[in-house]
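Asks: Quick note, the sequences are listed as chains A and B, same order.
Mapping of the first sequence onto my numbering: residues 1 to 117, in sequence order.
Mapping of the second sequence onto my numbering: residues 1001 to 1110, in sequence order.
Calculated from the structure, these hints are not laboratory results.
Treat the hints with caution; some may be incorrect.
In the SDA-like style, the derived pairs of lysine to any residue whose C-alpha atoms are separated by at most 25 Å in a straight line are [to be verified]: (1) B:Lys-1097 <-> A:Ala-13; (2) A:Lys-57 <-> B:Lys-1005; (3) B:Lys-1097 <-> A:Gln-54.
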Amino acid sequence: GAGVSQSPRYKVAKRGQDVALRCDPISGHVSLFWYQQALGQGPEFLTYFQNEAQLDKSGLPSDRFFAERPEGSVSTLKIQRTQQEDSAVYLCASSLVGASGGLGTQYFGPGTRLLVL
Amino acid sequence: QQQVKQSPQSLIVQKGGISIINCAYENTAFDYFPWYQQFPGKGPALLIAIRPDVSEKKEGRFTISFNKSAKQFSLHIMDSQPGDSATYFCAASNSGKFYFGSGTKLNVKP
């Protein structure tokens, strides 16, 4: 595909429900990032993968959040036992180079808007 | 603690005017400073970026000014157009981890 795609685009979940958000990065991109964007705020870093290795997960807000990228391409962000405060837009970004190599441009997907009722 | 502080929160500019958005940071280890443009319902898109060894970078109507000693950087949009109306985010990065400002909603009046 031409860009980063995310699915679903919108998700409504009942409090306590588990959700899974998918990210398809640009083909060949080494690095993949997940961000959480609250309404009217900037994106906040959640976690980062270089190929299949999760190199930084310091931004995950709790152990209910889990991300994986088993084959170094598609990634899934899973949120267990969703809470109302989890309502946000979840953005995925990918870049061609590894973060340790510095300045790879991050290309963002359109995001998944999660609403927890 | 917010790593990158951005102002103003919103900005109204007449068509043809100059839009200026400011950001400040604390961590001197940051080595990459991008600006992103975001339209409603879309993900942020890279607009322009600068390294700390350069004081200014210009691409078309967009210019980043960087003041390393003051730990500040700004985006200037020359000849602002209604199509520039969007939310703009500054960011700072070290080793790939990006910290974003809170955003500036720009409205360019025709």
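Asks: What are the numbers of the hints the structure violates, in ascending order?
Replies: Hint check: 1 fails alone, others pass.
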